[in-house]
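Since chain A is already given, all that's left is putting chains B and C on it; use the hints.
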Amino acid sequence: LGIGTNREAGSDPGPAICTFLTDFGLASPYVAAVKGVLLSVCPEARLVDLSHDVPPQDIAYASEFLAACVPYYPLGCLHVVVVDPGVGTERAILYAEIGGQRLLAPDNGVLSRLADEHGPVTVVRTLTNPRHWRPTISATFHGRDIFAPVAGHLLNGLNPADLGPLATDWLRRPRPEVTPQDDGIRCVVAFVDHFGNLITSLPANMIPETAQLEIDGQQVECHPVRTYGEAAPGELVRLISSDGRLELAVVQGNAAERLGATVGSVVHLRHQTPD
Amino acid sequence: LGIGTNREAGSDPGPAICTFLTDFGLASPYVAAVKGVLLSVCPEARLVDLSHDVPPQDIAYASEFLAACVPYYPLGCLHVVVVDPGVGTERAILYAEIGGQRLLAPDNGVLSRLADEHGPVTVVRTLTNPRHWRPTISATFHGRDIFAPVAGHLLNGLNPADLGPLATDWLRRPRPEVTPQDDGIRCVVAFVDHFGNLITSLPANMIPETAQLEIDGQQVECHPVRTYGEAAPGELVRLISSDGRLELAVVQGNAAERLGATVGSVVHLRHQTPD
Amino acid sequence: LGIGTNREAGSDPGPAICTFLTDFGLASPYVAAVKGVLLSVCPEARLVDLSHDVPPQDIAYASEFLAACVPYYPLGCLHVVVVDPGVGTERAILYAEIGGQRLLAPDNGVLSRLADEHGPVTVVRTLTNPRHWRPTISATFHGRDIFAPVAGHLLNGLNPADLGPLATDWLRRPRPEVTPQDDGIRCVVAFVDHFGNLITSLPANMIPETAQLEIDGQQVECHPVRTYGEAAPGELVRLISSDGRLELAVVQGNAAERLGATVGSVVHLRHQTPD
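Chains A, B and C are the protein sequences, given in the same order. Counting with our numbering, you get residues 1 to 275 for the letters of the first sequence. Counting with our numbering, you get residues 1001 to 1275 for the letters of the second sequence. Counting with our numbering, you get residues 2001 to 2275 for the letters of the third sequence.
Careful, some of the hints might be misleading.
To give an idea of the chain B side of the interface with chain A (calculated C-beta under 8 Å), a few residues [to be verified]:
1) F1024
2) A1027
3) S1028
4) A1033
5) G1036
6) S1040
7) L1047
8) V1048
9) V1087
10) S1138
11) T1140
12) F1141
13) R1144
14) G1229
15) A1232
Chain B regions said to be covered by chain C (calculated; three or more residues, Cβ under 8 Å) [unchecked claim]:
16) 1069-1075
17) 1189-1195
18) 1233-1244
Facing chain A, from chain B, some residues (calculated, C-beta under 10 Å) [said to hold, decoys possible]:
19) D1023
20) G1025
21) P1029
22) L1039
23) G1088
24) S1201
25) T1262
26) V1263
Since the hints were derived computationally from the structure, they do not count as laboratory data. Note that this is a predicted model, so its numbers are computed, not measured. Quick reminder that beta carbons are idealized off the backbone N, C-alpha and C, glycines included.
Extracted from the complex, chain A is given alone in its bound form (with noise of 0.2 Å):
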């Protein structure tokens, strides 16, 4: 999808380029700690906000939305994910270098799609070596006392391997589901954007063209457009998402509201045959 066309290999990131993403929200003070511990770390680093307002513990709307964006970024930056239900329990934390990227993240899946997408994943290490760690880790707040400090170190150029030993094994998530059947294909809605609009797991180049689709069991009718200023006001349109996949949306309305569909509900394809 010509991602990274806009990059030069080996350009330089500019002066410590860090992003977060996490489920903390921004009313709450936590990103605001998290960003004053990395700070006093790094008082250089250059903060970039992916997001605060993913669902709380929601792991597989973390994991699209790393893939849909982190790619576009200078190669080298650091990324630091805290979506961590297991926050304080036995899940490791990985250092993982993905496409070219640098993430932080627990070892919950969350890199899947990043992986699956926009690979190759060249490194993957388990933080075991305390060093670089605020001195007391609260049991509920990793992202302050683990990530935070840690990521401020790699701005300032620690070698990852001092973070502690190459991982053998982490977690990866299934894809969302692309069948294939003998009357089309099934997909499932992999992401729900702002707008309402449903991102499917159905790559542009599998879409039928023409279809009869039905989204958990019942059918909709939906023309296909190239974008959303095609059809009037209300329609119900499908057209290719701008990461090149089945999306449908209602033009200037909320296609999620409208279908009372979610992540994880089951769009089928049927071939369309003539009478």
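This is chains B and C only, laid out in the frame that chain A set:
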């Protein structure tokens, strides 16, 4: 109103400040992708979010928003505006210089209020040269594929003349209504802020000293005050807004909810006649 | 609690870090205007949002928020706090130095919790010298017209003594209640976070090992755990919060909703007597 007083003509805006105004929301990955592309082109860019919470496709809201904040930025800052229901259609994308600020925006009228209030408009160009766009253009995400790389190149010093020809015409929205009448003056609610305060279209110097107010035909009692703290919590007051217009507010409350008013609601100020 | 351990005394906070805490929301243009004014005075400023989602006019919330994150910032950072129901009235604006951090805030008690927990308070000045304000001051928007330009000048190196005289007195809010009782200890919910977790006023070292809990007079069962992942989803637990206080939480759920509790709710821990 003293805007710009703190800026010196010819002052350096510092290293590459670029602001964003979109309706993408922060829960979706679109803002994050736009920033990634921009930073890949110009790693030194310094990003400022004006807002990503413009109501979906609400051009009038975005237009008021720009007029209320863009003039306060250092001269020469670049402002990227992506509230764009016509994305992927024949609508043009504009580069404009208004009151010393630089903007990229769809040609849908979103720059009208800034041009009305804080001009002059000195340059308007139409983006036709794809040389600085991403090589593949999604029909639904020009923010990522056109606006972001073009912004990055402008921050890197690209001559705006390279973007495309001077525009001979561009869309202007009518100013929100202000109509003198035999028995007073009519205006409309032009903006509803986060607190539910109603900012009208009536400039401070046209506010009658005493007047009876009607909102959408309903008579309302509201005392003139200088600031919220001059009345009791819960009281409906009228005052001069921070951008110099008639404002209706409920002290520590929500005037929009109290009055059932919204953008476009008609505010009628009738001269009070002594009995 | 180890705050500040990653900071070295006298470390350079880097180029001009300035944070913001407001109740302006991000949908309105007020935050954007404040940043524009500040950048016009100090184009090199590096802006960090603590939050703009403080509930409107909620001074207690903002006070807890500051205490939970400001101490983690590099020494000498400037924090601009605009939660200011008294804007435009006789209330003063303060410049304060607390625990090595610098702050601008209205004199309404919002600095109390930071001063209580992370002092000492070494300097408090009242802003009286309008020389560094904008030339026209809106009665309703001191954030833009006073706080922002003063912050910019402080970042540029202005001596705080130029802002106004040392304050002889300033508003302090009482600490959230912690009351030992014959049969146990009483505290209150001091903060409700984004996840609905209830952070109480009771310091960790005062939590009895075993106790029966009542919230607003209702007895509740909740197991002590070290972190959320130690109990099943949906279970009510108590643990030590990330800032070292008694916290009540529902694993992957919302304790505030479950218990109908909010800031100020009384939490009573009764000694358990063996039967």
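Would you settle whether the hint for B:A1232 is holds or violated, based on the nearest Cβ-Cβ distance to chain A being less than 8 Å? violated (28 Å)
Status of the hint placing B:F1141 at chain A (closest C-beta pair under 8 Å): holds (4 Å)
Would the stated hint for B:G1036 survive a check requiring a Cβ distance to chain A of less than 8 Å? B:G1036 check passes; min Cβ-Cβ to chain A is 3 Å, inside 8 Å.
Double-check B:S1040 for me: the hint is only fine if its C-beta lies closer than 8 Å to a C-beta in chain A. With a closest approach of 5 Å, the B:S1040 hint holds.
At a threshold of 10 Å, is the proposed contact between B:D1023 and chain A supported by beta-carbon distances? With Cβ-Cβ at 8 Å, under 10 Å, it holds.
For the stretch 1189-1195 of chain B, do at least 3 residues have a Cβ located nearer than 8 Å to some Cβ of chain C? holds (count 3)
A closest beta-carbon separation below 10 Å is what the hint needs, so does B:L1039 meet it against chain A? holds (6 Å)
Evaluation of the interface hint that places B:S1028 against chain A, nearest CB under 8 Å: The hint holds - B:S1028 has a Cβ within 8 Å of chain A, the shortest such distance being about 4 Å.
Hint B:G1229 vs chain A: min CB-CB distance below 8 Å? This hint is violated: B:G1229 lies away from chain A, its Cβ roughly 25 Å from the closest one there, beyond 8 Å.
Examine the stretch 1069-1075 of chain B: at least three residues should have C-beta closer than 8 Å to a C-beta of chain C. That given contact holds, which follows from 6 residues of the stretch 1069-1075 of chain B lying within Cβ reach (below 8 Å) of chain C.
Taking 8 Å as the limit, does the beta-carbon of B:T1140 come near enough to a beta-carbon in chain A? holds (5 Å)
Are at least 3 residues of the stretch 1233-1244 of chain B within less than 8 Å of chain C when you compare beta carbons? Coverage by chain C holds here, the residue count being 4 at a Cβ distance below 8 Å.
When each numbered hint is compared with the structure, violations occur for hints 8, 14, 15, 24, 25, 26.
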